[in-house]
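Assemble the whole structure, with the sequences as input and the hints as a guide.
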Amino acid sequence: MKHGSIPTTLALTLLIVPCALAFAEETPKDPGCTTCHGDVGAARTAGEDVHAKLSCVDCHGDKHGNPHQPSSLPAKGDVIAALFKPFTSHATAWAGCAKCHANEVDAWSKSAHAKGVQEGVDRPHCAGCHGEPHAVVKQTKDKLKMSEQCVACHAFAEGRKAPQSMAVVDTYRETIHGRMLHLGNTRAPSCADCHGGGHAVLGASEPASTVHMGNRAKTCGKCHEQSTAEFANVISHAKPVIDEDYWSWLTAEMFAILTVSTIFLLFLHVLLDFLRAAQQAMTRRREKGTHAATHDTLTEDTPVDRFDIHARIQHWGMMSSFTTLVLTGWPLKAAAVGQSSELVAAIGGHPTLALIHRIAGAMLLAVSVYHLAYLAWMFKHKKLNFSMVPLLKDITDAVGNVLFFLGLQRERPRFGKWTYYEKFDYWAVFWGMFIMGGSGLVLWFPVQSTALLPAQLVRIAQIAHSDEALLAALAIFLWHFYNVHLRPTIFPMSPVWLTGKLSAHALWEEHREEYERLYGKLPPAHTGSDALWHRRPIWSYIALFLVVAAAAAVLVLDTSVLDRINPEGAEHAHSSRKTDTKRDEAPLAAGIVNARAPGFDAFARCPDCHAKGQIDDQVPFPHARLSDHKELVDKGCPTCHQPVWHASITASRAACADCHDTAWHKDKVKDHRSCVACHKVKPSTPAAAPADAFARCTGCHDKAKVDAKRPFPHAKADHADITAGGCTGCHTSAGMAVTTSRATCAECHDTGWHKGKVKDHGECAACHGLPLTPPASDPFARCTGCHDQAKMDGQKPFPHAKDDHKELVSAGCAACHMVVGQTVKTGRAKCTECHEASELPAQKAWETALDKPASGAK
Amino acid sequence: MKSTHTQNHTNRTFTFAGGVIGLIAYLAIGLLPSLVYGGYAGVSLSVALFGAPLDASIVSRGIVAFGMLVGVLSTAGLFVVLGAVLGVGLATVFAPAMKKAEIAAPTGNPEAVGARN
Numbered sequence: 001m002k003h004g005s006i007p008t009t010l011a012l013t014l015l016i017v018p019c020a021l022a023f024a025e026e027t028p029k030d031p032g033c034t035t036c037h038g039d040v041g042a043a044r045t046a047g048e049d050v051h052a053k054l055s056c057v058d059c060h061g062d063k064h065g066n067p068h069q070p071s072s073l074p075a076k077g078d079v080i081a082a083l084f085k086p087f088t089s090h091a092t093a094w095a096g097c098a099k100c101h102a103n104e105v106d107a108w109s110k111s112a113h114a115k116g117v118q119e120g121v122d123r124p125h126c127a128g129c130h131g132e133p134h135a136v137v138k139q140t141k142d143k144l145k146m147s148e149q150c151v152a153c154h155a156f157a158e159g160r161k162a163p164q165s166m167a168v169v170d171t172y173r174e175t176i177h178g179r180m181l182h183l184g185n186t187r188a189p190s191c192a193d194c195h196g197g198g199h200a201v202l203g204a205s206e207p208a209s210t211v212h213m214g215n216r217a218k219t220c221g222k223c224h225e226q227s228t229a230e231f232a233n234v235i236s237h238a239k240p241v242i243d244e245d246y247w248s249w250l251t252a253e254m255f256a257i258l259t260v261s262t263i264f265l266l267f268l269h270v271l272l273d274f275l276r277a278a279q280q281a282m283t284r285r286r287e288k289g290t291h292a293a294t295h296d297t298l299t300e301d302t303p304v305d306r307f308d309i310h311a312r313i314q315h316w317g318m319m320s321s322f323t324t325l326v327l328t329g330w331p332l333k334a335a336a337v338g339q340s341s342e343l344v345a346a347i348g349g350h351p352t353l354a355l356i357h358r359i360a361g362a363m364l365l366a367v368s369v370y371h372l373a374y375l376a377w378m379f380k381h382k383k384l385n386f387s388m389v390p391l392l393k394d395i396t397d398a399v400g401n402v403l404f405f406l407g408l409q410r411e412r413p414r415f416g417k418w419t420y421y422e423k424f425d426y427w428a429v430f431w432g433m434f435i436m437g438g439s440g441l442v443l444w445f446p447v448q449s450t451a452l453l454p455a456q457l458v459r460i461a462q463i464a465h466s467d468e469a470l471l472a473a474l475a476i477f478l479w480h481f482y483n484v485h486l487r488p489t490i491f492p493m494s495p496v497w498l499t500g501k502l503s504a505h506a507l508w509e510e511h512r513e514e515y516e517r518l519y520g521k522l523p524p525a526h527t528g529s530d531a532l533w534h535r536r537p538i539w540s541y542i543a544l545f546l547v548v549a550a551a552a553a554v555l556v557l558d559t560s561v562l563d564r565i566n567p568e569g570a571e572h573a574h575s576s577r578k579t580d581t582k583r584d585e586a587p588l589a590a591g592i593v594n595a596r597a598p599g600f601d602a603f604a605r606c607p608d609c610h611a612k613g614q615i616d617d618q619v620p621f622p623h624a625r626l627s628d629h630k631e632l633v634d635k636g637c638p639t640c641h642q643p644v645w646h647a648s649i650t651a652s653r654a655a656c657a658d659c660h661d662t663a664w665h666k667d668k669v670k671d672h673r674s675c676v677a678c679h680k681v682k683p684s685t686p687a688a689a690p691a692d693a694f695a696r697c698t699g700c701h702d703k704a705k706v707d708a709k710r711p712f713p714h715a716k717a718d719h720a721d722i723t724a725g726g727c728t729g730c731h732t733s734a735g736m737a738v739t740t741s742r743a744t745c746a747e748c749h750d751t752g753w754h755k756g757k758v759k760d761h762g763e764c765a766a767c768h769g770l771p772l773t774p775p776a777s778d779p780f781a782r783c784t785g786c787h788d789q790a791k792m793d794g795q796k797p798f799p800h801a802k803d804d805h806k807e808l809v810s811a812g813c814a815a816c817h818m819v820v821g822q823t824v825k826t827g828r829a830k831c832t833e834c835h836e837a838s839e840l841p842a843q844k845a846w847e848t849a850l851d852k853p854a855s856g857a858k
Numbered sequence: 001m002k003s004t005h006t007q008n009h010t011n012r013t014f015t016f017a018g019g020v021i022g023l024i025a026y027l028a029i030g031l032l033p034s035l036v037y038g039g040y041a042g043v044s045l046s047v048a049l050f051g052a053p054l055d056a057s058i059v060s061r062g063i064v065a066f067g068m069l070v071g072v073l074s075t076a077g078l079f080v081v082l083g084a085v086l087g088v089g090l091a092t093v094f095a096p097a098m099k100k101a102e103i104a105a106p107t108g109n110p111e112a113v114g115a116r117n
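Chains as they are written, first to last, in the numbering used here: chain P, 1 to 858; chain E, 1 to 117.
What the hints contain is simulated information worked out from the structure, not anything from laboratory work.
It is possible that some hints are incorrect.
As the list claims (entries may be wrong) - Output of the computed footprint for chain E on chain P, the stretches with three or more beta carbons under 8 Å from beta carbons of chain E: (1) 248-256; (2) 424-438; (3) 488-499.
Said to hold, decoys possible - What follows is a set of in silico ranges between Cβ atoms, one per label pair, in the way DEER data are often shown: (4) E:Leu32 - P:Asn103: 45 to 51 Å; (5) E:Leu32 - P:Phe434: 33 to 39 Å; (6) P:His37 - E:Leu35: 37 to 43 Å; (7) E:Ala28 - P:His37: 56 to 62 Å; (8) E:Leu32 - P:Ala127: 37 to 43 Å; (9) E:Leu32 - P:Ala152: 43 to 49 Å; (10) P:Asp308 - E:Thr13: 24 to 30 Å; (11) P:Gly338 - E:Thr13: 22 to 28 Å; (12) E:Thr13 - P:Ala366: 31 to 37 Å; (13) E:Lys100 - P:Trp539: 42 to 48 Å; (14) P:Gly520 - E:Thr13: 31 to 37 Å; (15) E:Leu35 - P:Thr186: 26 to 32 Å; (16) E:Lys100 - P:Arg517: 36 to 42 Å.
Quick reminder that beta carbons are idealized off the backbone N, C-alpha and C, glycines included.
Right, dumping it as structure tokens:
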């Protein structure tokens, strides 16, 4: 070797060895498995499998043994293997998870999910949440994404795996926790935080469950210090329903009705006022000069005191705190809107938003206290004149004002110091101050509140705070802002909230009675400006007609409203409202009915995202079955696919039930996703094409598993030609139902005996699926499935109870009772093997002896 | 009297300008969010009234559409009022300076006074 080659060799070694090691580490260890299982190996290397460094045999059995027949299972692995065995032929591979994740597997094996698996229902196991087993992705730390794993099963009314309905997810999203999570608050609990950390999820009725009534306080205490049982019971994402929580339900309903009706009336008032005021402004501009001198003697700049400094400070405080509260509270209420999280992030995150909201809330409370103290001080010094108290005159003023808007009254009502809409503003804020302040404190100090107040009141406070905020915000920004800022005669604002003073002209315009009280009655010439207002308000008529016509059309055309008017419809609507969890039991609830209403533009919205032709190609059934479903398909997507919320479109199982009898499926197909899961293949084709003979069934039923679980008659050699023809060779469809094979068996076998003897006969395989020769370990195996051995001994004591027959009896039923063809004979013939026929009683007596009780037997 | 009139005029001009700027700002950044949030408020109210999942009924749609309309009007009102308040603030800052300039103009520029005479 040349001297110069040593450094070169060293350099090459330094380069190659790490590369080789790195390559060796990156490549899944493969003891030759990919020779046959190349697709699995490719899946592991192509994806971001966190287990890429593991060898195949690490999961698939004993490292030193045969991976196809593992000799041992890891700790806890036997539990998994046993649970998974009915579902997969790779049960031992899943047991491999327990080698490294024993605690998680142990927790899961006690969970509601494992219980479901044990009961034969498809429930999430490792892959259900962690992804495809050969491409397990790194678990996200994002709580929102983590919760989406739960949502995948618990959200959808149709096609869901979980027993709970979509209400579980939707109501969680509406809770303060769900909203905080959507806004990116990492402290907000997601599903796993309360429900057993993900693996140990248990139903709330289980005593060990973290959300069991007895454990909730401890669970809530993880975040809420000094959590009590009372507090924990308030926290729930159950939607208030009339039967379970009447007062909460009533509060939510009342606020919804109050908000819609109030805002609609305020909007109508604003609209009519605006049109009348605009007409006034235009008329004055046209007739400028005619009436310009009207107010000359009023000295427009003469200030009239309206608000003292205390009232103005209160208004400024209220204005700034209220606006801040709305701006910081609304993103939380509308957390489901995507822009909310962006808005909150721009502010500095939800904790910052919550801090600002609480500071503003404290400011609002301080202003409220200030106002109450101010009123008390005024009262004490006899300065409180109670001018803000609503009077009967306010109602007549309101009616008169509306008549004036419509040109049905010559003059505006002569308002006193405060108009009816100013009083409305004041008392709306006064009532809101107590509701918002009180409920805000409850939300701010939830644990302490539940110690002081009934749980019912706390739940109501949660609803009231959110709903009253919406009502107050809309009322202030629409109604108050219009009256004091945006009205054409005032725009851009009245300065009274800044200076506390109003010009005499403005007082004369708005508070004629108050002006006359202060300055005396005006001479007749000064009332001339009212003529400006006495023109026919054509635009007001048109606007009123349009609004009323639109509202009437909505009410008349909507079938759900008509349904609600008649008792039957009301009951129907009521049931659909209060029982979200039973949504699929009422498939024709209002949603689908309305989607099918005449004139509904069937394809108006769906093609935005879904190309119809593409759907037909991808999901051929029943879209492609144009012969018998063409009419339905042409009616449009909502005919079968019910839009539920905006997040999901449910599959069409409910719609199928309109025409097809799906009752059979409820009992037989427990975890039935949708009809098209099986029926996507045309029913007429599989029998004709051997390659597809099992196509419709193997989507849900693993053929190998069926053969292994039910060996008879699948495994019988003399039935091979029948089983090779596909499932439908024996398992026939009657309408939408798949019958078991008894009828088919009768085509070849005489089953007449069974009709008389086997009354509650499920299917042939119940008895005949067992080995024809009972195993030595259980000589009664074939009989005790239907016949209780102990009971039989008691009822038919002879010869079962005779000591000298004990040996025979213990040999099993078949020792005496013979199967002849398809029938089971009693043992007289067998008796003659030991006894002379003459020793035996006559046939009739023999049968009677069998029926005698034990005491009379010989 | 004249200075008071000028100050009032200045205040009104600034306030009006602020309101217009608020309206422009609303159209630029507030219109679409107010439509979305107003619609969401409508959906929330409809859900409270008719239950979830929400029916695609005309009443529900009407409430959602009305929510969008109210959302637009109320948010526009908020922007305009905030703009107007900002205008008042600016007027308060600049009005004294403008008042000084107006008072100084007749005495500080004799040529202009002479020309007017």
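ask   = Does the structure break any of the earlier hints, and which numbers would those be?
value = 2, 6, 9 and 11
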